[in-house]
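From first to last, the protein sequence lines are chains A and B. Heads up: the first sequence begins at 1 in the working numbering, then just goes up one per residue. Heads up: the second sequence begins at 1 in the working numbering, then just goes up one per residue.
Hints listed in this document are in silico derivations from the structure and should not be mistaken for laboratory results. Yeah, the Cβ is synthetic: ideal placement off N, Cα and C, and Gly gets one too. One should not assume that every hint holds.
To be verified - Quick list of simulated restraints, FRET-style, between CB atoms:
| hint | chain 1 | residue 1 | chain 2 | residue 2 | range |
| --- | --- | --- | --- | --- | --- |
| 1 | A | Thr222 | B | Leu81 | 56 to 62 Å |
| 2 | B | Pro84 | A | Glu233 | 40 to 46 Å |
| 3 | B | Gly28 | A | Glu168 | 15 to 21 Å |
| 4 | A | Ala83 | B | Ala83 | 33 to 39 Å |
| 5 | A | Asp106 | B | Gly28 | 24 to 30 Å |
| 6 | A | Asp130 | B | Ala83 | 32 to 38 Å |
Claimed, not checked - Among the chain B residues that face chain A by a calculated CB cut under 8 Å, a handful are:
| hint | residue |
| --- | --- |
| 7 | Tyr25 |
| 8 | Arg86 |
| 9 | Ile89 |
Each chain is listed here by its residues.
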Amino acid sequence: MKTTKELAPAKTLRKSSTGIHGLDEITGGGLPAGRPTLVCGAAGCGKTLLALEFLVRGATEYGEPGVFMAFEETGEELIDNVASLGFDLKALVAGKKLVLDYVYVDRSEFEETGEYDLEGLFIRLGYAIDSIKAKRVVLDTIEGLFAGLPNQAIVRAELRRLFRWLKEKGVTVIITGERGEGTLTRYGLEEYVSDCVISLDHRVVDQVTTRRIRVVKYRGTTHGTNEYPFLIEKDGISIWPITSVQLEHTASHERVPTGIERLDTMLGGKGFYRGSSILLSGTAGTGKTSVASTFAEATCRRGERCLYISFEESPSQITRNMATIGIDLQQWLKKGRLQFQTVRPFHFGLEMHLARMIKFITEFAPEVVIIDPISGLDTSGTSLEVKAALMRLVDYLKQKGITAMLTDLKMGGAALERTDAAISSLVDTWLVLRDLESNGERNRGLHVLKSRGMGHSNQVREFVLSDDGIQLTDVYVGPSGMLTGSARVAQEARERAEHVSLDEEAERQQLALECKRAALEGQIAALRAEFSAEEATIARIFSQDKQREASLASDKVEMGRSRQHDVVKSSGIRVRRTATGAKRS
Amino acid sequence: MRTPTASPKAKVVTVSPVEWDLRLYVAGPTPKSIAAFRNLEQLCEEYLAGRYRIEVIDLMKNPQLARGDQILAVPTLVRKLPAPIRKIIGNLSDTERLLVGLDLRAREANPFAPGKGKKHAR
Chain A
1 MKTTKELAPA KTLRKSSTGI HGLDEITGGG LPAGRPTLVC GAAGCGKTLL
51 ALEFLVRGAT EYGEPGVFMA FEETGEELID NVASLGFDLK ALVAGKKLVL
101 DYVYVDRSEF EETGEYDLEG LFIRLGYAID SIKAKRVVLD TIEGLFAGLP
151 NQAIVRAELR RLFRWLKEKG VTVIITGERG EGTLTRYGLE EYVSDCVISL
201 DHRVVDQVTT RRIRVVKYRG TTHGTNEYPF LIEKDGISIW PITSVQLEHT
251 ASHERVPTGI ERLDTMLGGK GFYRGSSILL SGTAGTGKTS VASTFAEATC
301 RRGERCLYIS FEESPSQITR NMATIGIDLQ QWLKKGRLQF QTVRPFHFGL
351 EMHLARMIKF ITEFAPEVVI IDPISGLDTS GTSLEVKAAL MRLVDYLKQK
401 GITAMLTDLK MGGAALERTD AAISSLVDTW LVLRDLESNG ERNRGLHVLK
451 SRGMGHSNQV REFVLSDDGI QLTDVYVGPS GMLTGSARVA QEARERAEHV
501 SLDEEAERQQ LALECKRAAL EGQIAALRAE FSAEEATIAR IFSQDKQREA
551 SLASDKVEMG RSRQHDVVKS SGIRVRRTAT GAKRS
Chain B
1 MRTPTASPKA KVVTVSPVEW DLRLYVAGPT PKSIAAFRNL EQLCEEYLAG
51 RYRIEVIDLM KNPQLARGDQ ILAVPTLVRK LPAPIRKIIG NLSDTERLLV
101 GLDLRAREAN PFAPGKGKKH AR
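Same shape as in the complex, but just chain A (with noise of 0.2 Å):
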């Protein structure tokens, strides 16, 4: 076991996995191996927990057994406490890959006379260590022997000896201490580890309390030097910090469904794009759930997983309602592709929320995120902190390529669209779903009003909820305003009607128009006629004036004839004329 050290080479520092999700990563690989490292924080934020993990993930996953040697609690005691957490500590007893040590020091029962030193603990250490070849040791909590004995001077001598001894044994220790005033433990471990310092907190803001785990100090690394939330749940505890969000997640070009056909057009044809995150705010009865449920059942239909979080309704009651506009999303959840997580968001702290949600996120694996809504995580921390955990959850969600639907609820009256800037910048998609109300009714209104990417629709479609989902129609915009509801309904009836009259007019009219032109042709016809019959009268007069003049001639010949007179050869007026004529010229 000395040889560890001789081995490790010393320009990098050998780490020592710790197997506790999270910690791993803060710590850039684990604990200093075969090094102390101080645990302190103060009572019941968890540290014999994290130090007794270390060891059973130790023995079971990375074969190396560990020595636990507790100074409050008793073998028994610790089995039981640890046994709801699903670690087994008598079968790794059993199998050899634990020793259990309980030190017992009580000052009541020593009297001390002259010179002593703790060789007793070395040898008893050492023994179990050797016993099963243990590569990594907890003591918790040393500062036990402080209290037991009364020579602190030999208790603080022999402590760095210990720890020398420890590092010479090359086994990786955890020693737990207990938090003092000002300063890190009570006793003043902190210096005697000086490789590696965590610390854990459980801090009570506003009736709810989070735990935390920082970093302190770490010698030769680099590491997460944030306080990061952590959970204590039934497999052990967990750390889910998000390290690094950076932006450099590749865009995605694929294009998914949002389950609303008419959705998809606005959209420009296709809906949203792979791994954006898209924020659906409205007031409150606008139909945010329903719009991320028929998303979550197109998610699932496709084959994909979706994994629902909802900070107001319980599974049961949106499977209920969903069912009622046919959304049938219970057949995804029986099938595991729909994934409800449901809590009251006043239930843990925002950090906590924050942790949780990617505990989820990273054990479902889901392709489609929904928040239901965030507005939820108001209560739970200030504006500013909301705002900052949001950033820093859809970042995560973006790097991971997780597609986001984010609801938020707006109050009403507050300006839908000014809601939380930050928010706003971090969306890709803003669906904004609202009331509008006239003639005495509330219609629900979808439209778009930004999203990044694409050409989409800049119109506003009126969102009914039918009994076959949701269907979008077209608002009807038009000199009185847009129109919604039965007010529309009203007006397309009124346009029809409108329309009908017209065609009547026109015929109407055309008729009148033939009328007019049968009348006219009339009119020209019985012209016509007139002047017929006038230039029959003028012909007729004519001829009878030739007839006079004619029978005038005939008559004056008569006349002649009668009165004997001599006989001219040429006949009529013109004869007579031109005799006249001739008689002037």
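Using the hints provided, position chain B relative to the given structure of chain A.
Showing chain B alone in chain A's frame:
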């Protein structure tokens, strides 16, 4: 390192009517161990002659016993008999305190001292 010996009893000094059964835990023959044993033997001869038995247990040889008997410090003297069990740590150089620790002498301290006065009948 483990030496599974049949009997942990390393050294039996006196075997007679055992009224006083004492165990001295040491870690090898260090000056402290030797001093402790010498001091103990001296005191026993003076106060408990013929009524005691001292068992010296070398934890170097029987490391497993450290756990079983809850030994941390060495040397540790454990009074197994008479009951109750008493533990005295150190090289036993302070005879007065040793006597008090073995309940061979009444405590001079305030009998109302918290937590302690009750246990000591003498």
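These are the hints, each one checked on the structure:
{"no.": "1", "hint": "A:Thr222 / B:Leu81: 56 to 62 Å", "result": "holds, 60 Å"}
{"no.": "2", "hint": "B:Pro84 / A:Glu233: 40 to 46 Å", "result": "holds, 44 Å"}
{"no.": "3", "hint": "B:Gly28 / A:Glu168: 15 to 21 Å", "result": "holds, 18 Å"}
{"no.": "4", "hint": "A:Ala83 / B:Ala83: 33 to 39 Å", "result": "holds, 35 Å"}
{"no.": "5", "hint": "A:Asp106 / B:Gly28: 24 to 30 Å", "result": "holds, 26 Å"}
{"no.": "6", "hint": "A:Asp130 / B:Ala83: 32 to 38 Å", "result": "holds, 34 Å"}
{"no.": "7", "hint": "Tyr25", "result": "holds, 7 Å"}
{"no.": "8", "hint": "Arg86", "result": "holds, 7 Å"}
{"no.": "9", "hint": "Ile89", "result": "holds, 5 Å"}
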